[in-house]
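Colleague: Chain by chain, the residues run as shown.
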Amino acid sequence: MADEFEPKIVAFLCKWCSSAGSDLAGVSRMQYPPNVIPITVMCSGSMSPLYILSAFKKGADGVLVSGCHPGDCHYIKGNYYARRRIALVKKLLEFIGLEPQRFQMSWVSAAEGTKYTQIIKEFVDELKPIGPQTKLRRSS
Amino acid sequence: MEKILRKKSFPQWVKKLESYTIYAPTKNGDLWIYEVINHSEDINLDYLNTVLSPKKIIFPQREILLEFSASDDGNPEIKEVLPEENPSIVFGVRPCDAKALTLTDQVFGGDFDDLYYWKRRNQAILIGLACNTPPSPNCFCLSVNSSPHSKEGLDILMTDLGDRYYVESLTEKGNKLLNLAKKLFEEPKAKDKKDLEKIQLDSEKKIERQIKEIKKIPPKLKGMFDSPFWDEEAMSCIRCGICTYLCPTCHCFDISDEVLSSSPLEGKRVRTWDTCQFPDFTMHSSGHNPRPDKASRLRQRIMHKFQYFVERYKNFQCTGCGRCISKCPVGIDIIEVLDKVRDYGT
Amino acid sequence: MVSLEELKKEAQMLLEEGKVKYIVGYERSTNGLMPVPAFIKNPEDVERLVWDPSCIYNLTRFLVDEKRRKEKEKKPDTRPVGIVVKGCDSRAVVVLLQEKFINREDVFILGVSCENTGVVDEKKLAEKLKGKKADKIEFSDKDHFVITSNSEKIKIPAQEILAERCLECRASFPVISDVLLGEKVERRPDEPFKSVQKIESLSKEERWAFWKEQLDKCIRCYACRSVCPMCYCDECVVDTISFAVTADTAAEEKAQKIKWIEKSPDSSENFVYHLVRAIHLAGRCIDCGECERACPLDIPVRLLNKKLEKEAKELFDYDVGFDPEKPSLVSSFKDEDPEDFIR
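Chains as they are written, first to last, in this note's numbering: chain Z, 1 to 140; chain U, 1001 to 1346; chain A, 2001 to 2343.
Please note that the accuracy of each hint is not assured.
Stated by the list, open to error - Calculated from the model, a selection of chain A residues having no Cβ within reach of chain Z, i.e. all distances over 10 Å:
1) Lys-2130
2) Asp-2135
3) Asp-2266
4) His-2280
5) Ala-2312
As the list claims (entries may be wrong) - Estimated spans, in silico, between C-beta atoms of each pair:
6) Glu-2205/A to Lys-1212/U: 35 to 45 Å
7) Lys-2313/A to Asn-1289/U: 57 to 67 Å
8) Asp-2077/A to Asp-1105/U: 21 to 31 Å
9) Pro-1087/U to Lys-2313/A: 51 to 61 Å
10) Ile-1078/U to Asp-2135/A: 53 to 63 Å
11) Gln-2197/A to Ser-1286/U: 48 to 58 Å
12) Asn-1122/U to Ser-2149/A: 39 to 49 Å
Claimed, not checked - Per the computed footprint, the stretches of chain A lying under chain U, defined by three or more beta-carbons under 8 Å from a beta-carbon of chain U, are:
13) 2026-2032
14) 2035-2046
15) 2208-2222
16) 2288-2297
Everything labelled a hint here was simulated from the structure, so no lab data went into it.
All C-beta atoms, glycine included, are put in the ideal place defined by N, C-alpha and C.
Take the sequences, apply the hints, and build the full model.
Modeller: This is the structure in structure tokens:
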């Protein structure tokens, strides 16, 4: 049987909410696909477009940025800035012809372990049919 | 040997050469760029000059020097990556670009032969196209010991005589290519030779720009190292690097390691073009930079081309193609700068 | 019509009274139609100044150079620099003021209005003239240009040879100035983002094919970055060797500096460089078009930045480069910012 394509997702999770949410999913033994490479950042507002593009360059099939819900940011305003900046990055990546499903953003709080697993499951299901990311990936 | 080739027979000659990789200028929007040609009908010699000279085929923008990867004993395994076997032919090389290659030959040869450069250089056969009219309003090849029909650096020189080409083979490699299609070539008649001479004389008259009394410039430059002249001239320079990247004689490069993964270790050592016009070209690891400002960098470019190179190699490091003048975003004109140098202080 | 004599008079007065250090304007070059930047220090040199449809350059770049020069001088001359700006260029000055990169008193703005037309695209002109060489170009009537070619005078409607960005112009006269020459003619194009919409209307695969073909040509000469007034970072994230090194920098620090983008022009590296530059210019690029004009390989880099200018307007109702007091796009937010794309 041929190996099914397993997408590699790089998830940038904010330390105070989303990363804690993913930890909760782990501690509660919730099942979800193992395709995620989690990277903790201090705040979704500290996300630089370089991290996202670097992930795609190195071959990530999907990139997720996840932060605290608006109003709950540990640094008060960080996620509001992220909301603006990530919107711009998303529009630009679509403009150059990258599949829009590949780059996603979510709000996940420290208590939302289940939501986190759902997001990952849906993300993996969306990426499987469109195959590996070859456009921004370094070939040589 | 000298032959005549009817223009309608030209594609048939190219067809005989299909065992080689053929490069020719191709139109891309408004620009001409050297690309590999797959069909003999695609060659169009009705062009001016390319944006990037054929230097990019012999000395590419990015070249892999070696590859390294992890091995069992902990030491990295290093594999030399020489350019692959690729016998090639480059059509449509302008005489200024071909002469430029003879200048870079001296830098990459001489005391030490650069393996990568010479592998590509030796397997490329250069077929030139003489300039019946100057490709650019900024051409000044006559001032720098070149000409619209110079044969330096070429294996074959073709001149357009209207409905036919005058084909002069200058080397063994050139002869070999002509012999592959002996039947297509005719012996030149007296009229052909007369037409050729006329075109050559006319082409020289059509060159509008020149650097007068250029011999005065190298000694004059020697005394101008500390002159405030350079501050004035470099005011509008935006240190973009276009002049050096497009120049067919410029050859500075940088070597860096591109690590694809750190464990297991895998990476390449690559050579890329670099330019003395970037602020960090001369940055030392201590943080000191001997050329921190635009004035010193403009001075470096002019003096390297018209004084240092002359002292070392007895040639100007410039063949008058005019690309730096046409493409400079702020209109810095090397001819104007040299005119000012010659007349400085008088 | 903008009076060149008036411009020269204003410039002369400023220099005679010593109010400015020097004036940055346009002057004729030694080759061809296009002008070159002029740095006028003496009142008698104002005769060199020109103003015509060929004055396409954005001279704001030289304000950045001036600041760098002042930083190195022990006792800098604190007088302002005079600069000739068009509408689009003035927006660049506004962005520099907005970011507090320069102070209002560092610059004396000689604004010139484009009135009904704008500046000419050299390539479109060459196509129109079909081989004839243009020696001079002047404004004529309300919306024509007159080109002198070998003493022949050719009149062409401006719309046919205007630069692409003039057709999408959002500031036909300087939005900020100390002196304003010419009339304030409002021009609001129907489709201010037409060139971007053309690409957006292509399918995803067509868009990718377009950008791949264009960006594969890139030789990473960084002219687009060098010519942009907004790319003034001492240490650009692309130049991994240019971080500030002193005698005290530890070897470990140097070794661990992250290399985000490789130096060599590989396809994906080129993409990342251009995309990162566009994102760093979000809310700052005012579409002066210099990046595209400078590119030796004719890559339409301006479209990437313009796309984000369009999104800034449509998503966040943000107009770039009109108000020096406004906070920057990416360090401000509104409660109503769209979040329909967020799960």
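Colleague: Each hint should be assessed against the structure and marked as holding or not.
Modeller: These are the hints, each one checked on the structure:
no.	hint	in the structure
1	Lys-2130	holds, 35 Å
2	Asp-2135	holds, 41 Å
3	Asp-2266	violated, 6 Å
4	His-2280	violated, 8 Å
5	Ala-2312	violated, 8 Å
6	Glu-2205/A to Lys-1212/U: 35 to 45 Å	violated, 56 Å
7	Lys-2313/A to Asn-1289/U: 57 to 67 Å	violated, 41 Å
8	Asp-2077/A to Asp-1105/U: 21 to 31 Å	violated, 49 Å
9	Pro-1087/U to Lys-2313/A: 51 to 61 Å	holds, 55 Å
10	Ile-1078/U to Asp-2135/A: 53 to 63 Å	holds, 60 Å
11	Gln-2197/A to Ser-1286/U: 48 to 58 Å	holds, 51 Å
12	Asn-1122/U to Ser-2149/A: 39 to 49 Å	holds, 48 Å
13	2026-2032	holds (count 4)
14	2035-2046	holds (count 4)
15	2208-2222	holds (count 5)
16	2288-2297	holds (count 5)
Comparing the model with each numbered hint stated earlier shows that hints 3, 4, 5, 6, 7, 8 do not hold.
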